[in-house]
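Line by line, the protein sequences give chains A and B. For the first sequence, the numbering used here begins at 1 and goes up steadily by one. For the second sequence, the numbering used here begins at 1001 and goes up steadily by one.
Just so you know, not all the hints are guaranteed correct.
[As the list claims (entries may be wrong)] Residues from chain A that face chain B, not an exhaustive set, calculated with beta carbons under 8 angstroms:
#1 Met1
#2 Gln3
#3 Arg23
#4 Leu79
#5 Ala122
#6 Gly191
#7 Pro194
#8 Tyr198
#9 Phe206
#10 Leu215
Since the hints were made in silico from the structure, they are not lab data. A virtual CB, placed ideally from N, CA and C, is assigned to each residue, including glycine.
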Amino acid sequence: MIQQFIDQAPIFFTLNNGLYWLRALMTTLSMALIGCVVGFIFGFVLVYFRTSTISWLLPLRALLIAYVEIFRRIPFLVLTFLILFASRGFGFQLSLFWVACVTIVLIATAYIAEIIRAGIEAVHRNQWECADVMNFSRARTMLYVIVPQSWVFIVPPAFSYFIMFIKETSLTSQIGTMELMSAGKYFNSIGISPLMAYGTCLLLYFALSYPLTLLGRRIEVRLKNRFKGNMEALSASDQ
Amino acid sequence: MSYTFQWGVAFDYLPYLLGGALVTLHLTFLGFLAGLIIGLTTAVAQVYGSPIMQRTANIYVVFFTNTPSLVTAFFIFFGLPEFGILLSPYLCILINLALNAGAFLADVFRSGIQSVKTAEMEAAEIMGFSLFQKVQYVISPHIAKTLYPPISNLYIIFILGSALASIFGVEEITGRAFNVDSETFRSIEIYSIAAIIYVLLTFAASFALALVGRYVFRVKARMF
């Protein structure tokens, strides 16, 4: 086995293959990034309407709750195939990359909406009432009062979901998107030993996700420190 | 709207797909059970082990939480035969799910162990408990109660994650959907039905877990 590694090393470790891996890495990263940023925006809009109290929006609210509950319970792989065949069946010529992005956006919206809702509910009710007294509209209350305070509850879990989606995108290799996992499969199929091909794949995923995990932990600590005074004041006002 | 739905063809295969749900359930159940044991052992090693054990446990957890479970599955599926070990696809996926679940559960368990009050641990120390007895009589009851909701959430996520078993030819819901799809070519209908089965399955699992939590562990588990 070690002999095989030594034999294949000159074929495997070349500049062109390195560039191929790099491009695959960038595809993975950009898919996760596009999916999560768009999902974050959609999630905010969804939560804004879901927490509204206007009575004629009730059907919309029920629809949004159903959306969140259903899309958090469909496996990524099944939804990828569903979107792929649905887009072909109804005649949208999306490229495979965009099929993957749409899938990630659909699932990320549901997951992140739940995180944002939990974050917004963690802000004390007094803040809503204070803003009401100051004659803030609902949108302004959300934007200037609630969101800045719920940031500390939203960002750390949302960041760890972003890292989870980087790993989840490996499943889109099944529809043929050229990302990191497909690169591993390609090298395996041209005869490189599977330990080397998939091992490189594992290492690259690790190199992508581990620094981000550490960064996420630092962001969490910094946010907690920044909001420490704020939180203490809030818990003091509770008593 | 150029696509005409033909649900009848797809519904003929409904019992076959529902049979796949059974495979999914016992695959994830066995994998998760093994994961619980691995996770608890790893977490205990991380907190109470010797430095070498702590280091090993940390490497295991960091490695498996930071790599996609699909890639580790490929690594196990195609890597083990290189060492002369040939396993069935089902067993490969089971090992992969157990190792992945173990790493994620170890993280959860570790925070649970650290949340046990020091006074309780000191009391156990005075009673002359061994490490195993401490885990059995002090840590486990505490963990069972406080960590029940996050662990049941993780189980739902693992049901969804087990869909990747279909790639290796295990005939669970998604795998059977592949088979039916290649026979009938009614892709949209088949995958919609598969998605609906997953939604119902996870709802049923959440409900069952919430009931078990309420009556066995006295946890106020929320379904949503």
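Would the stated hint for Ala122(A) survive a check requiring a Cβ distance to chain B of less than 8 angstroms? violated, 15 angstroms
| Holds or violated: is the Cβ of Leu79(A) closer than 8 angstroms to a Cβ in chain B? | holds, 7 angstroms
request  = Report holds or violated for the interface hint on Gln3(A), using the least CB-CB distance to chain B and a cut-off of 8 angstroms.
outcome  = With Cβ-Cβ at 12 angstroms, over 8 angstroms, it is violated.
**OP:** Answer holds if the nearest beta-carbon of chain B is closer than 8 angstroms to that of Arg23(A); otherwise answer violated.
**Re:** Interface hint status for Arg23(A): violated (18 angstroms vs cutoff 8 angstroms).
Is the interface hint for Gly191(A) satisfied, with its Cβ closer than 8 angstroms to some Cβ of chain B?
-> violated, 13 angstroms
Closer than 8 angstroms between Cβ atoms is the bar; does Tyr198(A) clear it against chain B? Give me holds or violated. Since chain B brings a Cβ to about 5 angstroms from Tyr198(A), closer than 8 angstroms, the hint holds.
**Hint check, Phe206(A) versus chain B [nearest Cβ-Cβ separation less than 8 angstroms]** = Since chain B brings a Cβ to about 5 angstroms from Phe206(A), closer than 8 angstroms, the hint holds.
Does Met1(A) hold up as a contact with chain B if the rule is Cβ-Cβ below 8 angstroms? holds, 6 angstroms
Requested in this report: Identify whether the interface hint at Pro194(A) stands, where standing means a beta carbon of chain B within less than 8 angstroms of its own.
Outcome: holds, 4 angstroms
**Q.** Hint status (Cβ of Leu215(A) to nearest Cβ of chain B, threshold 8 angstroms)
**A.** Since the shortest Cβ distance to chain B is 13 angstroms, the answer is violated.
Violation of the numbered hints given earlier is confined to hints 2, 3, 5, 6 and 10; the remaining hints are satisfied by the structure.
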